[in-house]
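Q: Each chain is listed here by its residues.
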Amino acid sequence: MDRPAGAMTPGQWMGRAVAILILAVFVLFFVVPLIWLVLAPTKTDRQLLLEAPFAFGDWETLAAKWTSLVTFQKGLIWTWIGNSAFYCVAALCITLIISIPAGYAMALTEFRGRKALLAATLIVMLVPSTALVLPIFLELSAVRLIGNPLAAILPFSFFPFGVYLTYIYFSTAVSRDLLDAARMDGANEFQVFWKIAMPLATPVIALVGFFNFTGNWNNYFLPYVTLPGRKAPIQVGLAELLSNVPAFNPTNAASTTISLSALALATLLAIAPVLIVFLFAQRYLVSGMTAGGTKE
Amino acid sequence: MGAAFVSLYTLFLLAFGVLPALYAIYLAFTTKGAFVGFDNFAKVFKDYRFWPAVEHVGIFLIVWLVMLVLFVVLLALLVHSIGIRWLSNSTRFIYYIPGALAGASSVMLWLFVLDPTVSPVAFMLKAFGFESLVSVVQVDRLPFVLAVIAFWTGAGGWIVVMYGALNNIPKEVLEAAKVDGAGPIRTAWSIQIPLMRKWIAYMVIMSFAGGTQLFVEPRVLSQASRGVVGQDYSLNQLAFLYAFKQSDFNGSAAISLMLLVVALALSVYFVFKGGLFERA
Chain P
684 MDRPAGAMTP GQWMGRAVAI LILAVFVLFF VVPLIWLVLA PTKTDRQLLL
734 EAPFAFGDWE TLAAKWTSLV TFQKGLIWTW IGNSAFYCVA ALCITLIISI
784 PAGYAMALTE FRGRKALLAA TLIVMLVPST ALVLPIFLEL SAVRLIGNPL
834 AAILPFSFFP FGVYLTYIYF STAVSRDLLD AARMDGANEF QVFWKIAMPL
884 ATPVIALVGF FNFTGNWNNY FLPYVTLPGR KAPIQVGLAE LLSNVPAFNP
934 TNAASTTISL SALALATLLA IAPVLIVFLF AQRYLVSGMT AGGTKE
Chain S
264 MGAAFVSLYT LFLLAFGVLP ALYAIYLAFT TKGAFVGFDN FAKVFKDYRF
314 WPAVEHVGIF LIVWLVMLVL FVVLLALLVH SIGIRWLSNS TRFIYYIPGA
364 LAGASSVMLW LFVLDPTVSP VAFMLKAFGF ESLVSVVQVD RLPFVLAVIA
414 FWTGAGGWIV VMYGALNNIP KEVLEAAKVD GAGPIRTAWS IQIPLMRKWI
464 AYMVIMSFAG GTQLFVEPRV LSQASRGVVG QDYSLNQLAF LYAFKQSDFN
514 GSAAISLMLL VVALALSVYF VFKGGLFERA
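If you read the sequences in order, they're chains P and S. Under the working numbering, the first residue of the first sequence is numbered 684, with each subsequent residue one higher. Under the working numbering, the first residue of the second sequence is numbered 264, with each subsequent residue one higher.
Simulated from the structure, these hints should not be mistaken for lab results. This structure is a prediction, so every number in the text was calculated from the model and none was measured. C-beta atoms are modelled at their ideal positions from N, C-alpha and C, and glycine is treated no differently. A portion of the hints provided could be inaccurate.
What the hints assert, rightly or not - Quick list of in silico lysine-lysine cross-link-like pairs, DSSO-like style, CA-CA up to 30 angstroms: (1) Lys798/P to Lys536/S; (2) Lys441/S to Lys461/S; (3) Lys798/P to Lys461/S; (4) Lys914/P to Lys508/S; (5) Lys914/P to Lys757/P.
What the hints assert, rightly or not - If you want the footprint, here are the derived chain S segments under chain P, 3+ residues with CB under 8 angstroms: (6) 265 to 272; (7) 342 to 355; (8) 508 to 517.
Construct all of the structure, not just a fragment, from the sequences and the given hints.
A: Have a look at this one:
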């Protein structure tokens with residue numbers, strides 16, 4: 684490999700071919716399951732077993748699967764999706780209301796305990812949220828909140844990573860001088876935050892909102908233990924559906940069952956909101972995550 | 264005045280960060296409100312399900328972290344070496360998409376992928392001699408299965424982060440290496456990888472802490488594999504069984520506390536020694 688630059692030697696040519704091959708294999712690894720998932724609901728279970736995995740079935744089958752899924756236990760799937768939407772949107776609002784001012788204050792104001800609060804935020808942010816699920820469950824059951832929507836909404840709203848993002852954003856993008864100028868003009872602290880800092884905060888609000896919403900939508904463990912039964916969000920519901928699929932549970936004798944392809948459709952429905960947000964926010968997010976590196 | 268802006272957040276930090284941890288400590292060291300020292304821990308250690316669960320999680324972590332470091336670094340380097348901008352961007356984008364499917368939905372999807380009767384890669388599974396989902400998810404193979412699922416959902420995000428780290432390496436440094444006659448492998452090994460070290464450490468520590476928490480993947484697999492994957496496969500599953508099947512909140516808190524201490528220790532170490540948050 685150690686040859687001077689210039690025309691490609693056979694070694695370099697081989698190297699490049701291997702690189703392209705590896706990249707392509709991983710592209711397949713990451714997308715093949717998704718493509719399969721998108722096509723699966725258009726096929727009957729028989730077709731799933733017998734036909735080529737990437738063949739398109741037909742629209743009638745898709746319609747039939749849709750009907751069987753949405754009529755399953757009188758539209759239970761909509762209850763689950765509705766629950767998810769309710770918990771995640773409510774948590775999103777509370778998260779923004781508590782995180783944006785907190786990050787702002789830690790970045791641009793002085794108060795006692797600022798350093799300690801910042802250190803605590805970093806530490807809790809790096810602890811995986813699942814580590815606190817059972818302790819939070821034990822706490823919530825001590826105050827009898829299990830089964831109450833608040834048992835998901837409140838823990839979902841505690842989002843130290845969002846506070847950290849806001850803190851980083853305000854400490855790099857907004858200067859203290861700007862705020863001091865407003866103070867000189869007689870604005871009080873609340874007006875400085877609302878009239879000067881908030882209008883500049885749109886990008887970080889979007890970023891915090893994105894990570895909070897997608898993380899909560901996909902959260903399984905916490906609502907699984909704190910919100911049982913019909914209060915469950917879609918991720919928990921999806922796993923519940925599994926026990927109604929005869930292919931995975933041959934002993935299941937329930938009268939209404941879910942077919943494999945209807946389960947695939949349910950999975951697709953469950954991820955749809957996050958997937959849509961991902962696709963639209965992608966360009967923006969990748970540039971946001973690698974910001975600072977792309978100054979070319 | 265700043266204190267007013269952080270008051271709500273501080274309240275949440277106490278209620279859902281500090282207080283649950285303190286309550287778990289209280290529960291772990293008591294039984295029916297009476298202080299019992301380490302009795303709850305001793306009980307958990309003597310549980311025949313505890314050490315196998317530790318072993319399961321341990322093997323999974325080794326397999327997953329090795330896979331993560333090797334392939335994330337390799338793929339980040341390769342994606343970074345793509346000269347055509349749109350191609351490099353869209354490759355990263357494709358690697359990142361599965362991140363949308365964290366949680367139960369990714370396991371659900373992989374149930375299909377790992378079931379040789381419907382899998383899009385059935386030919387590969389059959390080439391290895393697997394005829395059914397149950398034969399794929401045998402316990403000795405499970406660490407690999409779980410690692411592949413976790414890699415599929417999580418690797419893309421890390422590749423994006425590593426790519427950002429690679430972009431931070433000044434162009435002049437790489438040019439100089441080239442002038443000195445270093446090929447791409449040499450450059451990667453002696454310049455790029457050492458400069459990514461901090462981020463690799465970050466990834467390993469975060470993933471280690473997250474990996475010890477294994478819960479949703481073995482739970483859903485357990486449901487789908489007719490019990491081949493046990494309900495007590497991972498430590499969090501065991502803590503869950505203590506709380507929900509045995510109504511033993513003290514035992515459950517003891518397990519949770521051990522996991523929390525591991526995560527907390529890693530996090531504290533990283534915040535104060537890792538150097539990624541020097542700004543703070």
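Q: Compare the structure with each hint and give your call.
A: For each hint, the structure was consulted:
no. : hint                 : verdict
1   : Lys798/P to Lys536/S : holds, 16 angstroms
2   : Lys441/S to Lys461/S : holds, 24 angstroms
3   : Lys798/P to Lys461/S : holds, 23 angstroms
4   : Lys914/P to Lys508/S : holds, 20 angstroms
5   : Lys914/P to Lys757/P : holds, 15 angstroms
6   : 265 to 272           : holds (count 7)
7   : 342 to 355           : holds (count 6)
8   : 508 to 517           : holds (count 3)
Consistency with the previously given hints is maintained throughout, with no hint failing.
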